[in-house]
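Colleague: Chain by chain, the residues run as shown.
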Amino acid sequence: MALAGFSCLAAALAFCLYGIGASLYGARSGRREYVASGRRAVYALAGTLAVAMAILQAAFVRSDFSFELVATHSSSTTPLFYRLTAVWSSQEGSLLLWVLLLALWSSAILFLTRRKLREVAPYATAVLLGFGAFFCVLLVFLESPFTTLAAPPVEGAGLNPLLRHPSMMIHPPMLYSGYTLFAIPFAFAVGALVTRRLGAEWIRATRPFTLAAWLLLGMGVMLGARWSYMELGWGGYWAWDPVENASLMPWLTGTAFLHSVMIQEKRGMLKVWNVSLVLATGVLAILGTFLVRSGILESIHAFGASTLGIPFLVLIIVMIAGSIALVASRSESLRSEHRLDSLLSREAAFLVNNLVLVALCFVVFWGTFFPLISEALTGEEASVGPPWFNRYITPLALVLVLLSGIGPLIAWRRATTANLRRNFALPGGAAVLMLAVLVIAGVTGSVAALLMFAFATFTLAAVGQELWRGVRARRAMSRDSVPAALVALVRRNRRRYGGYTVHVGIAVLFVGVAASSAFQAQRLVELRPGQTERIGGYAITYERPTSRLVAASNGRLERIDLGARLRVLRGDGPPQTLETYKSYFPSTSPGLGPVSRFFEGEATTEVALRAGLRRDLWTAVAPDIGRLLPRIEEGDKVFSEATELSDEDRGALLAQALRGLSRSYTDSPPPATFRLIASPLVTWIWLGGLIVLAGAAIALWPAGARARQPATAAGLARVARELERA
Amino acid sequence: MDPSRKRKTRLVVALTCALLLAVALAYTSFSASSEARQPSQLASAEPGKTYQLTGKVAAGSWDHTGTTHTFRIEDRKGGGASVPVRYVGQVPDPFREGREIVIDVRRQGSTFEGQPDSLVTKCPSKFSAEPKT
Amino acid sequence: MLVVVAVAVLVISAPLRSGRWAGQEPAGVAERADLEAARDAKYAEIRDAEMDFRTGKLSEPDWRALDRQLRREAVGLLHQIDEVP
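For the record, the sequence lines run as chains A, B and C. The numbers in the numbering used here rise by one with no breaks, and the one at position 27 of the first sequence is 27. The numbers in the numbering used here rise by one with no breaks, and the one at position 34 of the second sequence is 1034. The numbers in the numbering used here rise by one with no breaks, and the one at position 82 of the third sequence is 2082.
Incorrect hints may have been included.
[Claimed, not checked] With a cut-off of at most 30 Å between alpha-carbon atoms, the simulated DSSO-like pairs for lysine-lysine come out as follows:
| hint | chain 1 | residue 1 | chain 2 | residue 2 |
| --- | --- | --- | --- | --- |
| 1 | B | K1008 | A | K266 |
| 2 | A | K116 | A | K266 |
| 3 | A | K266 | B | K1006 |
It is worth saying that the hints were derived from the structure and are not from the lab. Please read these numbers as outputs of a predicted model, since none were measured by experiment.
Please put together the full structure from these sequences, using the hints given.
Modeller: What follows is the structure in C-alpha cells.
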C-alpha cells in the first residue's frame, strides 16, 4: 500500500509539470484545448492527492505500524478521532495536507472561472501548479510520508498528548486552507500582471476566495489561541511566538487588501498598492509555512531543524524577486485612474486603515525576525519579547478599533461635513459616557484598556446607529416590520453589513484582550489539602487530591491522572467544584522500568476552567510526584526480579502496582503547586471571533442570480431601469 | 495650495511618520532585546544583564522542592560546558531532562537565576533534531 | 491505484482529443469581461451612494450631484461595452 501511495505522489508531480507546460503553451499559442487540459491537470492533481491521503489515513486507522509515520505518531491506544488527525501532526503528513488543500481550492476556482478570465487563468493555473510541483518535489524526494519500516514495531509511539484537543486538530487544516486560499489571489494577480489585464474582472472573480482565505486563516489563528489558553499550563492565549506571528502576518496584509481593493474597484486607484499587498500576502503565507518547519527561529513550535529550510528559502526569494520584477515592468498598466476626492471620505479612512495594518505587520515582522536581523547587523543574536511587541501593537490596535467605527459613519467619495458631525454625535457621546462611567467606577488601572473600551463603545454605537438608520430608511420605502426590514437590508447589502458585523466582532475581541491583559490576577501557590487561597474575588480551597487510572479502548492502560479537587466560592454565590489534574502517559523508550515508564513519558495538564461572560477562573495543578519516587523505584525492582511471570500475570500485577501507587498519592498527598488566574472578559475574545465569523459568512453568502443585462440601447433611463431590477 | 502640491506634502508627511516609526522600532528593539546565548557562551556573562539561554537539560541534573527547581543546561549539541540554573515557578509539562529549553536568565554569582514565567520547553521533536542526511 | 492514474490521464487528455475546444479565443472577450465587471461595480456604487444618503451620511444636494456623476460614468461604461466587437 505504501508503494501505491508513493506512486500517487509521483504521478501528482508529473501532472503538475504537465499542467504547467500545457497551460503556458496554451496561453502563448492561443490554443484553448491545451489551456483546458492544463486546468484538468489541476483536477487530476486533486484527485491523486486525495487518494494518497486516503491511503495514509487508512494506514493510521488500522494502526499499520509498517508505515514509519504511523509508528512514530500514533499507537493502538490512540482514540480514532486522533488517529485520523495524527496524519498532519507530522512534517510529511502536514505537507501532504497543504498540497492537497491547494489542489482542492485551485480546482474549485478554476472550475468556477472556466468560462471567464480566459487570458489570465492559464498563467494563474501555472503558478498554482508551480506551488503544487514544489510541494510534490518535497514529498517525493525529501520527506515522503510513505516510508516503510522493515521491522514494524509492536506498538506505536503515540500522538503527543499535548495535541489531544479537538481545537488543535482542526487548527492545521484551517490554517493551511487559509494559506492555500491566499495562493489563489496571488496566482491570479501574477496572471493579471503578466497579461496586463489589470481591470476589475480578476478581482471580482477571486474575491470570494480571498475572503474565504481571510476567514479561515483568522479562525485558524483563533483556534490556536484558544488551544493555548485551554490546554497549555501557562494560561495565556498569545505569546508573540514566531510561529503565531507567522500566521498573523498574512492575515494582517490580507485584511488590508480586502479594504483597499474596494477603493480600486470604485476609483481605479491604488493598483500598485493592491497588487503589492496581494503578492506580499502570498509571500507571507509561504513564509509562514516555512517558518514552522525550518528551525531558523527559536520557537516552542519549531518542527526541528530540517532539510526543508533551503528549498523554501529559494521559493520565497523567487516569489519576491518575481513579484518585484512583474510590478516594476507593468507600472504603465498600474497607473491610477483617479485621485482621492477628499480626506473626509471612506476611501481616506480605508487608506489610513491600510497604513495601520501594514505598520502592524511590519512591527510583527521586525520583532519576529529580530534574532536574524541583529545577528546580521551586530554579530550577536538577540531577541525581543512580548513587552516590546505590546508596546507597539497596543497603540496601533487602538487606532484600528477606532477606525473600524469611523469607517461605517463616513460616506464614499466625499462626505457632507455637517452630516458627518451629526453622525459622530451619538457614537462619540456613547464613548465619552462609557469613559466617564468606567473612571467613576474606579477602572483606572490601565490607560490603554480604558481607551480601548471607549473606542470599542464608539464602534458598537456607530454600527448600531447605521443598522438603525438603514432599517428606518428601508421601512420608509417598503412598510416592512423591523425584523423583516433588517433581514432585507442585510440581504441586499451583504458586503456592507457583513463588514460592519466583522467590525463589531473585532471591537468585542479587543475589549476582551484589553480587559484580560490589564486586569488579570495571577498567582503560583503551594497548597496542602484544606488550604485556601484568595484571588480576584474568589476563595479557592484545595479540597482533596484525586487519582485515576484510565484505560484505552483496547483495554491497555492509557494514562494515570493525578490531580486535585477544588472548591470555589465567590461572594455569596453557591460553592462550585473544579477538578484539575495532570495526565501521565507512558514512554515507549526501551530500558525503562514498567512502573517508572509512566512518569518518564509525556505529561499534560488538564486545566479546570470556570468561564463566564464577565470573568474566567483558570486553575492548573502540578502534583509533586517526588514523594512517589521510592515506591516507583521499588516497583521497577520487583518487576525486574519477577522474570517467571506470564504476560497476563505481569499485566495484572502492573495494574495492581499502579493502583496502589495512585492510592498512595491520595492517601498522603504532598502539597501541590497551583497556578491560579482570574481574568475578566476572556470569553469576549472567543465571542468576538464568532461574530467575525458570522460577519464574514454574511459577506461571503452568494447573492441571488441577477438577470444578465442585454447590452443594447444607451441612456440614463436604461440605467435607472436596470438598477431597479438589481 | 494647488492639489498636486497638497498630495506631495501628504506623501512626505506619511513617509516621515513611517520613517520615524521604523527608527523608533529599530532603536527600542536593540535596547529591549536580550542576547541569545548557549551555555558555552555564558562564561563571559555580565551580572545583571538578562540573556536568553537555549540548551538541553543535562541528564540527572533536575532537582526540585516545591516550586524551586535547579538544573543544569548544556549545549544543544551536547558535551562541553553546562551551567547551573535556578528557577522558581512551574515548569511546563513537556519539561524533561534531555529536552531543549529556552529561558531568560540573569547571572547571580556562580549560578543563573531564571526569570519568572520565561521557561519555554520546545515541543519534543517528533522528528529528530539532527538534520536528516 | 493504476486505475486512478489512468482515469486522471484520460481526464487530462480529453480536451486534446475531442475537437470541442479547438479554435482561437474571439477577440475582445477579456476586455468585455473587464468592462462588465466595472459596470457592475459602478451599479454597486450608485446603490451605495443612495444608501449613504438614506442613512444620513450625505445631504440631498450632495447626493444628487454624486448620483448624476455616477450615472454618467455608468453610461460611459455601457457605451464602451457596446463598442467592444
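Colleague: If a hint holds in the structure, say so; if it does not, say that too.
Modeller: Checked hints:
no.: 1; hint: B:K1008 x A:K266; verdict: holds, 23 Å
no.: 2; hint: A:K116 x A:K266; verdict: holds, 21 Å
no.: 3; hint: A:K266 x B:K1006; verdict: holds, 22 Å
Violated hints are absent here; each numbered hint is respected by the structure.
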